[in-house]
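There are 2 protein chains.
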Amino acid sequence: MSSAAKLDVLGVGNAIVDVLAETDDAFLAANGVTKGAMTLIDTPRAQALYAAMPPGIEASGGSAANTMAGIASLGGKCAYIGKVSSDQLGEVFAHDIRAIGVDFHSRPFTQGEPTARCLILVTPDAQRSMNTYLGASSYLDESDLDPALIASAQITYLEGYLFDRPDAKAAFFAAAKIAHEAGRKVALTLSDAFCVSRHHAEFTQLVGHVDILFANETEAAELTGEKDFDAAVKALAAKCPTVCVTHGPKGSVIAANGQIHRIAAAPVAKVVDTTGAGDLYAAGVLYGITAGLDLPAAGRIGSIAAAEVISHLGPRPQKSLKAMLPRASEL
Amino acid sequence: MSSAAKLDVLGVGNAIVDVLAETDDAFLAANGVTKGAMTLIDTPRAQALYAAMPPGIEASGGSAANTMAGIASLGGKCAYIGKVSSDQLGEVFAHDIRAIGVDFHSRPFTQGEPTARCLILVTPDAQRSMNTYLGASSYLDESDLDPALIASAQITYLEGYLFDRPDAKAAFFAAAKIAHEAGRKVALTLSDAFCVSRHHAEFTQLVGHVDILFANETEAAELTGEKDFDAAVKALAAKCPTVCVTHGPKGSVIAANGQIHRIAAAPVAKVVDTTGAGDLYAAGVLYGITAGLDLPAAGRIGSIAAAEVISHLGPRPQKSLKAMLPRASEL
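Sequence order for the protein chains is A and B.
Residue numbers for the first sequence follow the working numbering, beginning at 493 and rising by one.
Residue numbers for the second sequence follow the working numbering, beginning at 493 and rising by one.
It is possible that some hints are incorrect.
The list makes no distinction among identical chains, and a pair is therefore deemed to hold if it is satisfied within one copy or across any two copies.
Derived DSS-like pairs: lysine-lysine, alpha-carbon spacing no greater than 30 Å straight-line [what the hints assert, rightly or not]:
(1) Lys661 with Lys527
(2) Lys527 with Lys814
(3) Lys569 with Lys719
(4) Lys661 with Lys569
(5) Lys811 with Lys527
(6) Lys498 with Lys527
(7) Lys814 with Lys762
(8) Lys661 with Lys811
(9) Lys762 with Lys811
It is worth saying that the hints were derived from the structure and are not from the lab.
All chains should be built: construct the whole structure from the sequences, respecting the hints.
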C-alpha cells in the first residue's frame with residue numbers, strides 16, 4: 493500500500509523551447525517539411541530551416557512539460573524531469589515552467605549541446621509541423637531520475653518522443669518499475685505516429701507496463717495496425733487498463749473497465765494553432781483522475797484545456813484553466 | 493548634391509530581445525516597476541525580476557529595430573546597426589530582423605556580455621512597462637558605424653534610448669555628421685521621458701543636428717518644459733524642421749514649414765499591448781517620407797502601422813503592413 497502522494501503528476505520528457513512562425517503550405521513544400529508530423533533534425537538542417545523561416549516567437553514547450561504546465565494551471569501539484577543546457581534558452585525553459593508552479597530541478601547539461609529547440613511552422617489551417625533539434629534534451633538517462641520524486645507522485649507521465657534514444661528508453665522502463673514498486677501509476681503518451689513506427693516493438697512492450705495510455709487516432713492506428721478508430725481503441729484497451737484516444741474535432745474516447753466513454757470536444761471560436769492540443773488534453777484528464785473525478789468528467793476537463801490552447805499561438809495555456817472549469821457538479 | 497540613395501532608412505539602436513508577460517498592476521507595485529516607462533536594470537535586478545515574472549514569450553525588439561521591421565513590412569528598403577552578443581538570443585535577433593528583409597551585419601560582441609533583453613510587463617490596460625538589461629547592446633560605439641552605409645540611406649534614424657551611454661552619444665553626433673556630409677537626412681526619436689530627463693542638455697544639443705524628430709507627448713513636454721501639448725509641439729518646431737509628436741488615442745501632430753498637420757489615429761478593435769506603438773508610427777512616417785508622399789499621408793501610414801502593432805502582443809507587425817495600406821489616392 494502506498495503512502496499519500498505529495499505530487500499529483502510527475503512528467504518526464506524532452507525539455508524544448510519552441511520557435512513558432514506562421515507560414516503557408518508552399519513554404520512547407522519548398523523546404524521539405526512533413527506537414528503535421530514531428531521530424532527530428534540535425535544541426536545543419538536546423539540552421540538551414542531557421543535561416544529560411546520568417547520571424548518567430550520563442551516560447552517554452554516540450555510535450556510532457558506542456559502537460560505539466562496545464563495541470564499546474566488547473567490547480568494540480570506537479571514536477572518535471574527533463575534536460576536543458578546551461579544557456580539562455582535553458583534559462584527560459586526553467587523560468588517558464590517554475591513560474592507556473594511546476595517543480596523543476598533537473599541538473600542542466602554542461603558539456604556543449606545547446607538546449608533543444610523545435611521549429612514549429614503553423615499553417616493557415618492551424619496545423620503545426622514540428623522540426624525538433626534535440627540538443628541537450630537527448631542526454632536524459634536513468635541517472636536523471638529521482639526515485640523519491642517518482643515515488644511521491646500519484647502518476648508518472650512519460651512522453652513517447654523521448655523514445656527516440658536508447659538511454660531514454662531504458663530510463664522509461666526504470667521509471668515505470670520505480671513507480672509501480674511505490675504503488676503508483678504510470679501514464680504514457682505515444683506522441684507521434686512516425687515515432688511509434690520507428691520503435692513499434694518497444695512501444696508495444698512498454699504499453700504492457702503502463703496504466704493510462706494517451707494517443708491520437710493516427711498513433712493508435714500505427715501501434716495496433718487497426719485503421720478503424722473504434723477497432724484501434726478496442727485493441728489498445730486490450731493491452732492497457734485505461735486508454736484515452738483523441739479524435740480531433742470529434743473529441744475523444746476513454747476506454748476502461750470494459751466501458752467506452754465518448755467525450756465531446758469543447759467549442760472554440762477560432763482554431764489558431766493546434767500546437768499543444770494533445771498535451772493539454774492529457775493535462776485535463778490526468779488532473780481529473782488525480783483529483784478523484786470519474787473518467788467522463790476527467791475527459792471533459794481535457795476537452796476544455798485543449799480548447800484553450802488551440803485558440804492562440806503557442807503550446808501552453810495563456811489563461812488560468814482553473815478559472816475556466818465549471819463547478820464539479822456540472823462536469 | 494547627393495547621389496541616388498540605395499536605402500530608404502538606416503536605423504541605429506539597442507539590439508534587444510523582448511521577454512513579454514502579462515501581469516496586473518499589483519505585480520508592478522510589489523516589484524517596484526515604474527508603469528509605462530523604460531527603466532534600465534542591472535544583472536541582479538534582471539535576475540530577481542525575471543524570477544518573479546510569470547511565463548513569457550520571447551520576441552525580437554529594440555525600438556529602432558522595430559521601426560526598421562515596420563518599414564520593411566511596408567515595402568521600404570532598410571538596414572540596421574546594433575550590437576548583439578554571439579549567443580542564442582543574438583541569433584534570434586539577427587534571424588528575425590534579416591527574415592523580414594532588413595540588412596543587418598553588425599559584428600557581434602564576443603567579450604562576455606550577453607545579448608540585451610527587455611522584460612516587458614503588459615497590464616490589462618494594454619500599457620507596457622519595460623525593464624531593460626542592456627548587455628552587449630551598450631557596447632555600440634563609433635567603430636560600429638559604417639560610413640558608406642550611412643551615406644547610402646535617405647534617412648539615418650537614431651534611437652534616443654542609446655543616449656544612456658557616452659560612447660553611443662559620440663556615435664550619434666558622428667552619424668549625423670556623416671549623413672549630412674553625404675547630403676542625407678537625420679531622424680531621432682526621443683524614446684522615453686525619463687531618458688530625456690537624464691540627458692536633457694545633450695538631447696537639446698542633438699536636436700539641433702536633426703531633420704526629423706519623433707516624440708510622444710510626455711517626451712515633448714520633458715524636452716521643452718511646456719506642459720501644454722500644442723505649446724510643446726510649437727517649441728520643438730522652433731528647433732527642428734520636421735517634428736512628429738504622438739498623442740495616444742488622439743493620433744499625432746506633424747509640424748513642418750510653419751504648418752501643423754493633425755493626424756487621426758487608426759481604429760483598433762481591441763488594444764492588447766502598446767509595445768512598439770511609437771516605433772511603428774515612426775516606421776509609417778519614415779516610409780511615407782522616403783516614398784515621396786506628403787506629410788499628412790506619411791502620418792496616416794504611421795497611424796495604420798501603429799494600429800496593427802497594438803492589436804496583438806509583441807513589438808513588431810504580424811501582418812504585412814503593405815497589404816494594409818489603402819491606395820495612394822486614398823491616403
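Taking each numbered hint in turn, which are not upheld by the structure, reported in ascending numerical order? 3, 6, 8
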